[in-house]
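Protein chains in written order, with my numbering: chain A, 95 to 716; chain B, 95 to 716.
These are calculated hints, taken from the structure and not from any lab test.
Fair warning: there could be bad hints in the mix.
What the hints assert, rightly or not - Here are the simulated DSS-like cross-link-like pairs (lysine-lysine), alpha carbons at most 25 Å apart as the crow flies:
no.: 1; chain 1: A; residue 1: K411; chain 2: A; residue 2: K680
no.: 2; chain 1: B; residue 1: K680; chain 2: A; residue 2: K411
no.: 3; chain 1: B; residue 1: K680; chain 2: B; residue 2: K608
no.: 4; chain 1: B; residue 1: K608; chain 2: A; residue 2: K355
no.: 5; chain 1: A; residue 1: K355; chain 2: A; residue 2: K411
no.: 6; chain 1: B; residue 1: K411; chain 2: B; residue 2: K680
To be verified - Going by beta-carbon spacing under 8 Å, a handful of chain B positions derived as facing chain A:
no.: 7; residue: Q187
no.: 8; residue: S190
no.: 9; residue: D489
no.: 10; residue: R634
no.: 11; residue: E660
Note that beta-carbon positions come from the ideal geometry of N, C-alpha and C, so glycine has one too.
Number of protein chains: 2
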Amino acid sequence: MQRTAPSDIAHLHSLARLIRYHCVTTTTVAGSGHLTSSLSAADLMTGLMFGGSFRFDVADPDHPNNDRLIFSKGHASPLLYSLWAVAGGIDEQELSSYRRFGSRLEGHPTRRFPHAEAATGSLGQGLGIGVGLALNARRLDQLPYSTYVLLGDSEMSEGSQWEAIQLASHYHLANLVGIVDVNRLGQRGETMFGHDIEAYARRIASFGWHTLMIDGHDMAQIVDAFLEASAERARPVMIVARTVKGKGISFLENAGGWHGKALDEDQSKVALAELSDIDPNVRGVIAAPENTRPARAIPRPSRAPHYEIGTSVATRKAYGAALARIAWQFPQLVCLDAEVSNSTMADIFAEQVPERFFEMFIAEQNMVEVAVGLSMRGKVPFVSTFAAFFTRAFDQIRMAQYSGANLKCIGSHAGVSIGEDGPSQMGLEDIAMFRSILTSVVLHPCDALSTEKLVEVAAAYEGMVYLRTMRQDTPVIYDNDETFQVGGSKVIRQTSDDRLSLVAAGTTVHEALKAHDVLQRAGVPVRVIDAYSIKPLDVRALQEAAAATRGIVTIEDHYPAGGLGESVLHALADRPVPVTILAVSKPPMSGDAAQLRDFAGISADAIVRTVERLIGGDRANS
Amino acid sequence: MQRTAPSDIAHLHSLARLIRYHCVTTTTVAGSGHLTSSLSAADLMTGLMFGGSFRFDVADPDHPNNDRLIFSKGHASPLLYSLWAVAGGIDEQELSSYRRFGSRLEGHPTRRFPHAEAATGSLGQGLGIGVGLALNARRLDQLPYSTYVLLGDSEMSEGSQWEAIQLASHYHLANLVGIVDVNRLGQRGETMFGHDIEAYARRIASFGWHTLMIDGHDMAQIVDAFLEASAERARPVMIVARTVKGKGISFLENAGGWHGKALDEDQSKVALAELSDIDPNVRGVIAAPENTRPARAIPRPSRAPHYEIGTSVATRKAYGAALARIAWQFPQLVCLDAEVSNSTMADIFAEQVPERFFEMFIAEQNMVEVAVGLSMRGKVPFVSTFAAFFTRAFDQIRMAQYSGANLKCIGSHAGVSIGEDGPSQMGLEDIAMFRSILTSVVLHPCDALSTEKLVEVAAAYEGMVYLRTMRQDTPVIYDNDETFQVGGSKVIRQTSDDRLSLVAAGTTVHEALKAHDVLQRAGVPVRVIDAYSIKPLDVRALQEAAAATRGIVTIEDHYPAGGLGESVLHALADRPVPVTILAVSKPPMSGDAAQLRDFAGISADAIVRTVERLIGGDRANS
């Protein structure tokens, strides 16, 4: 193995001192920030970035063959920013803007900082994102870049870490290197294992990783460990480093009570005096990457979908079919599934385009993290599982918005209409969850044709899209040349005398159509709107319906809070019209789908009864 | 070690045959259900329940010293129900109601079935619930009962499993026994490790468990393994069993494509013919538990909280203070925290009542699972972390509603008002998340006094409560003798000439009060309502405000979808009034709290501007 010359070690120490200097001063100027968590990892990251293993074109952060470095312990942001200042990636002066309103240098890294590979700060997510980056290198872009992830010891208790660890091993990601900064102290005291680095190494090794245990302040050991990691060809590598929290400042070293705290001016002076021999002009040089770029496939148009009106097809099946159909129209499209591809019907894609399908097993958190990583490298990841089980990854979905991930989540088995499997399998909070993400789009088509077209819309859309599919077959109601869009809707029944407007999505569109027919025979014309784009809603269509009829009834196979009904109320908040929300308002159970819709109060019968009550009320009031 | 007599083994085989018979017939009658996943574990569970290790009073499922058995692989419900039929816990006839509307025997177990210790069916949650049950036995009720958890091999890929595994080891829960049913086949094909039971055992052992590898169809090995597990005194025990999916029916054994499928009538006949020598009258006898019951502490009244109006106290601090204050009023109250107790201020309780505080480390999924387990044994668990990080446990929170868990979730660090730490740490979707749970209560007090009183209300309330606290100090605005309740609100500014009503909660109450004063000076009286109970809302107070003023402005430190604003719209849906929702409608960043509230459009200034615009609009329209 190559050994590092003493002069190089001395240079690295000099860089580490300057980096520590920046960590102290930036946090003191900001008045807050995680200084001690930065100091423990300063030597590790200096050795990585400037010790020869890490390869990155500082002038071109987007170079596709740059090595990737993620701070999963995002609170060590003072260290991240200081490293890039010393590397020339940002101007040193900018460090003084740390944590200020408008600064790119946020308390925890977001993608506003160009050298952050993804937003971190919710612990336990960086490694899974790293798996995505490494998987991209190995299996998609076929590039030699490596991915490095700095991990905190506290965050190793997150289950998502072990999901990432198992998957990296399963996919033989030897191009992935984790570094656990075992500084013993968590936010409120000692971690579960303190300084027992073997406890970490033993567990990680049992999952099939190559593990190395080092002193995280011995620069020669650090540099050698990264060289050894670079040479590994079969397994992912974890460097478990014993470190000292607050390292370099005597009164902070291995001391409790300093987590997340900055030094005041006086303390800062004492600290800086301890960091003797600072050379403010020393600069770190990062090795250049090979100038290799991925082959770019040329998009090929896909055939149009074709369905016969009146035939019965599950929208989940249309999802799988659409994905396979448009695979060559979107060469960057990839698909991940959490071991339920024969339920979500992602297996149609998996069979036809196996090289772009990745089995993620039952580990939804990591699935979303990997998708975020793939998205950061320009892929368009479609991830699918039951709508209910996306709740497992809500924190990852929440964080994906701060990474600006181009994530497509496809949730099947919506609502009580799944029937006998019972409430644990029913997606009844999923619309609320995905709507709550500020920048999300939420789609819920009711038939196979609109599903096919909206999958295509989702693939072309830049940003987070949730598309909700259904387990059961539903009739095709749209003609093959109909078009659908984000923010669109379809008025599918309409007369000039409509008394009320029924606004539905998914299953309940078909219930509304049945109710329409019953009401029509009873001489009560109603409008029926398919609000397939729940977010954003087609506000104009709703306003027209509100103006033309005496009120709106929304119907959804979802719990009442945060779903279609409240979405409609919100859209019409400034020009209010009476809205009646029909949603699943009793705890559901196993049973036949139709029975359950009736029990829940969202069946055609329930709609008819509601309309009759409202019309009756009208009559009584008029 | 004790060995089992051959006659006993023969009896167990006879029981297992009858149980398999029931599994086949119940799923065939139902037309669906997970037959093959039940057959693989039939011998394991027969050996456990009737082999002498398991102790349970069938006539008294609620006996506090019963051993506990959780099917984490809840889809094996045909086996669970068949076991209890053979044990005399339910009438055999009831099996024919499996999966029917109204039956207690749901597709996946819920608490409607009295022998289900908790609802399962979302994989990877049973072990954490088991940790809660075992922790209760060991550390709270001090009872000798054991907890058994049947795990599927597929679900071992869920990170939550490893959170539970690490915590059980940390707390030395030798009274917890897991059984991994390694039947090789997941829903859509082979699992990550197939029949490599050593891969599981190696990983689990590395986390400090006592592991046993057995043939899951060798009844003597099974019985012996459970005896060995019972004898363990230091470590939790995992029995890793090699099994055959579909065991006992030749054409189902180890065959793909049968997951979640029932046999049709003809197939069922063939299958039953293979299960020769069924004795329909054989009955399993479960050993009786020791009739030991926990000591019951007598509640002692707590002193009332006391704050001075105008002093500044963070509501998170009032949470910790309240919990410590009422600890002896609610002897069943316990507190769990995810390694942030010095931020959530649960550490005030931890210091004063250490025997009822449990550090859960950074593993929010397991924290909620453990709390569900504790709740099932009569405890009142308060679990706390940052509001943002409860998203990590949304699936567990979702499932907790089907267990009917008496769960109290306390989320700190609400909204952009946390300031410099940035978006990853800001709870901005938490109200939407908790509101979406059908049976939840959502509280968001604005000052220390109301927080103290609402913590007490939450402790006394039977069911799921979310209480949202704030990082920053806020002024105390309520007198010590004010009362607060689920579904309540406070009208804190009111005149007979109010033009508009401001409805706020938490931070924004104080912004609304500032806006009120500015507007009052400008001659525009407005009503101010503290909607501290966001779910259920005080509908009457809102209706009165709607009737008395020209419209409502809601203000919340939360994203727009699913929060306070939509909650108010929903409450007033049938008698609409113009509502303007002020919420965080731009992606936030690090910065000063006041700057961020202004940027987000939820500051006093933003409220004043909005009211002026609305009043101006009024004038223009009138």
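Now for the hints, and whether the structure bears them out:
no. : hint               : in the structure
1   : K411/A with K680/A : violated, 29 Å
2   : K680/B with K411/A : violated, 36 Å
3   : K680/B with K608/B : holds, 23 Å
4   : K608/B with K355/A : violated, 31 Å
5   : K355/A with K411/A : violated, 53 Å
6   : K411/B with K680/B : violated, 29 Å
7   : Q187               : violated, 18 Å
8   : S190               : violated, 14 Å
9   : D489               : holds, 4 Å
10  : R634               : violated, 19 Å
11  : E660               : holds, 4 Å
Going through the hint list in order, the structure does not satisfy hints 1, 2, 4, 5, 6, 7, 8, 10.
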